[in-house]
Structures are given as structure tokens and as C-alpha cells.
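Q: Listed below are the residues making up each chain.
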Amino acid sequence: MGAVSVLNAVPKPIPLAPAPVEADALRPAVDQPKAAPEPPLYVRARAPAWLPRLLAPLIGLALFVVLWELLSKAGGQLPGPLSTWHSAVEVFSNPFYRKGPNDQGIGWNVLTSLARVGIGFGAAAVVGIPLGFMIGRFRFLSDMAAPIISILKPVSPLAWLPIGLMVFKAANPAAIYVIFICSLWPMIVNTAVGVRQIPQDYLNVARVLKLSEWKVFTKILFPAVLPYMITGVRLSIGVAWLVIVAAEMLTGGIGIGFWVWDEWNNLNVQHIIIAIFTVGIVGLVLEQTMILLARRFSYE
Amino acid sequence: MADKFLQIDKVRRVFETKKGPFCALEEISLDIRAGEFVSLIGHSGCGKSTLLNIVAGLLEPTDGHILLANREVTGPGPDRGVVFQNHSLLPWLTCFENVHLAVERVFGATERKAALTERVQRALELVQLGHAKHKYPHEISGGMKQRVGIARALSIEPKVLLLDEPFGALDALTRAHLQDELIRIIAATGSTVLMVTHDVDEAVLLSDRVVMMTNGPAARIGEILAIDLPRPRERLALAGHRRYVALRAELLEFLYRKQMREAA
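These protein sequences, in sequence, are chains W and S.
Anchor point for the first sequence: position 252 equals 426 in our numbering, and the numbering is continuous, going up by one each time.
Anchor point for the second sequence: position 167 equals 495 in our numbering, and the numbering is continuous, going up by one each time.
In isolation and in its complexed conformation, chain W is listed as follows (with noise of 0.2 Å):
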């Protein structure tokens, strides 16, 4: 303080009656200004950051649980939710059984609706993605392509199933291609719209390197453009996990929109519930799979 004083040219202001918070806190900052940093006055004490975040879904859930029990318990054939568990401990304590071709364990009819999504969205990926490529890369492709995409797009994916029918004479290819059909759009757009983002400048540096197609390719467009693949991939599982159990339902056979009908012509509305679930739950692990796969390939 008497130092800044006598820079300042002023007279000394009389301290009147020296404050004990200047004194206690603001002092040694002063007159020490390399001491090591003290430690805080006083430390609030609050509930760690995680503990509302972990809390605020838990209760989200008690709540739809309880409304779902008053829902049941208001009269209708709606079964509740202990009687759902009951059934559902049921069902999943044997997932694996076969008892015939109509009769199969909830496990069978899951991995069934997979391994239809995972074809048709693998050949949709073949397919798409490097169409995406040429639409993103040529101008004249984009404009060709861009009339049959804009009018196919918006088609429900189940309107190509009686095509599908016809052509493949069989339901299970007849799915399979609906899938093929719904995840191909997805694919294809994002794609081209990522191969059309790619920034001028990474274009610049192949151009003043003279890079070759490969390295090109390889070294800049691939990886620029993954990100956008990435997210038309989400989108597309998204799309064809939504579309199988309809597909399912009017192709029959097995698989879990199979399964939802079945159960419903048994009048199971436990099993029905119970499929509900699952499927949300598939499509939830498929759509957060996806998520860390592209923040592994997010750059910046």
C-alpha cells in the first residue's frame, strides 16, 4: 500500500481503522505476490455434477412406470407393468427355443430382424456409398440423379414391398430388399453432400503436391468425407430398424414384427408390450454404437 502511495505521488491516505477482511484476505496477496496460491476460504458444499444427471432419467422412468400402472388400472385390457415383468422374466428366461417354424424364443426372432437389416443396410452401403461419391464428385451425375432421389425419397419403404414380392417371389428377400431400399437414400445423399463440403484448401494441397488420385483418395477424400457417411449410416439403420417390424408384420415368418402380430392374433398384449421394448431397446444400442463410431472419427 505505501509503495503505490509514494509511485502515485500523493499523500498517504490515513487508514481509518484497517479492515479485518483486508487485513486477513487481501494482505498477503499484497506484500507476498509469489506466494504459493493459498488455499480457498471456504469450499461450498454441493451434490457432485453427475448426481442430478444420473437422477433427472431414473425418476423420468418411475414416472412413465407409475402412469402406465394408473393407465391399466383406469379399466380396458391394457396389462400393467408388474404383470409385463412377470411375463417379460418369462419370455427372457428361454429366448433361444424352437418349437417349429412359427414358435421360436424372443432371441431368435431379434437376431432374425438383425441379420435382415444388416444385409440389406450392408448392400445398401456397397451400394450408396460409392454412388455418393460419383453424385458428390460430378456435377453432371448429381444433376441426373437428382430428380429420381428427390421423387423416391419421401416413398414409404413398405410401398416397395408387393415389387419386392413379385420380383424375389419369396417374403424374406421381398424384406431384405425393403431395408436395401430405405437405407440406400440416407447413404447416398449424405455421402455427396460430405464429398461437396470438402474444404477447398485440403483440394489445395493435393493440387500444389500433385498428389496422386490414390493418395488423393485416400489421404483426403476418404477421410474428409467419413463423418458424413458416418451420419447417413446412423440414419440409415434408424430408418431400416423402423421399417423391418413393419415389413415383418406382412411378410410373416419370424422375426419380432412378426412376433408383435403373432402375439397379437394370441391376444398376448403382455408379449406385444414386451416387443415394444425390445425393439426400442435394440434401436437404442444400434443408434448409440453409431454415435462413439463417429466421435472416433470426428476430427477438431
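Treat the hints with care, as some may be off.
[Stated by the list, open to error] Using 20 Å as the maximum straight-line C-alpha spacing, the simulated SDA-like pairs for lysine to any residue come out as follows: (1) 338(S) / 548(S); (2) 389(W) / 445(S); (3) 487(S) / 435(S); (4) 487(S) / 537(S); (5) 389(W) / 425(S); (6) 389(W) / 403(S); (7) 384(W) / 418(S); (8) 338(S) / 377(S); (9) 327(W) / 316(W); (10) 487(S) / 378(W); (11) 384(W) / 439(S); (12) 389(W) / 418(S); (13) 463(S) / 418(S); (14) 384(W) / 433(S); (15) 347(S) / 390(S); (16) 384(W) / 395(S); (17) 332(S) / 554(S); (18) 389(W) / 419(S); (19) 332(S) / 395(S).
[Unchecked claim] Sample of chain S residues at the chain W side, in silico, Cβ under 7 Å: (20) 404; (21) 405; (22) 406; (23) 410; (24) 416; (25) 420; (26) 430; (27) 433.
Worth flagging that the hints you see were computed from the coordinates, not collected in a lab.
Even glycine gets a Cβ: it sits at the ideal position worked out from N, Cα and C.
Put chain S on the given structure of chain W with help from the hints.
A: Just chain S, lined up with the frame of chain W:
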């Protein structure tokens, strides 16, 4: 030959726009000696970056041509190292890999793997980033990214180094630091350099000659100022140097009196 290492010969450039042709550069001629450091300075929009891109081969001149060591420039090529304004590092490659991409392209056919690695290492050490080679661009500061860009440009041993406002996006302190670094690097490598800048101090500090361009459209070379300050140059010693102050004043005079921007 040594006096006309890089020749810019009557280069004109016209852009086709929706409102008709726009002449960005009107007959620019400039000879640059081997080992010379030349800066292009002018107000924004005067076509200095256009000229640099023509030398880089990224743009074609409408008329005229560029000769580098007596060979005509017909497109981009690794005989010219370019440092872009915004570093242009590939974000999915580490610093090492970014430089390696360039080194591999130029020396990959003639040298063994170990020699290539050695070259990358040397380039990164030249810009004092040997320790950060395994970092990704998003993990390092803006100044460090720009240094990797310089390392990449120098690693291919270009005949001429082209710098497009290399420090424009950096804060003043980092910029000063990198300018000093560039002085040291150029002294060590003896590179021929063409740099675009709008920073008067940067131009005087680094250059042998400063080429002042008139305002576009149809920009021309207004004046050329030889910076006859002794090297090695030292920022602090120069600050009060009479010749430095005079040269700086001359540049400012050109930019702010003779080439005042109307209603800028």
C-alpha cells in the same frame, strides 16, 4: 540466371463474373533473384493473393507467363512450397504425417523410408516442433499449426517458398515470434521467398524488396522499395533504427496517401 530466378512476365488476370469480365491484375512484371525475399503489399482486394496463386499454379494467368529457373510454370507443383493463410493442415493426420505426406510425394521414389522419416524430423525441428510431431492439428495452437505449414512447405526443398499472409490469422505476439522464427529459418535455408502481406512492419522486417501494388481492379505494381537494412535483423534493434523508420514511413505513405481507399 541468378538475377532472374523467378520471372513474372507481363501477367494479366481477368475473372469472368456475372457482371462481365473483371480485370484483377494488369500486366505485372517482376524478376526475383535466387535467395531473395520479396513481399507483395497492398490493400485487400488488390490482387496480391491472385498473383501468388498464379505463381503457385493454382490459377492460370489470362496473359503472360511465369518462369521458375527458366522453366515455364504450367500448373501447381512441388518445386514451389506454399504456406496457406489458414495453415491447411489435414486434421486427421498428425503433424508428422502432414509433413510426411509432402516428403513422401517428392522423395518417396528415390529415398528409403528411414531417410524420409529423417527429412520430416528435420523439417519439424527447423520450426522447433520436434516434440509435437505426434500431435493432431486440433491439439496445438494456431502459431504451431502455421509452423507445421511452414515445415511442410520447406520439407520438399522447393525452389521458391510462397507465403500467403502466413501470419495474418495470428495474434500480434505470436505473429512477432513467428516472424523472428522465419528470419532464422530463411537465414539457415537461403530460400527464395515471395510473401503476400498487408502488414507494413512485417514487410520491412523480413524483405529484401517490397513490391507495393496499386488498388484493384486492374492492379499494377506501384512502386518497389529496396529494404537495405543489414542482416541479421533484430526486431528490437531495428525499432529505433533511422533507416527502418524511414522505410516504414515510405511504405505507409504509399499505402495511406497515394493509394487511399475511397470510403474504405
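Q: Of all the hints numbered above, which does this structure not satisfy? Sort the numbers upward.
A: none
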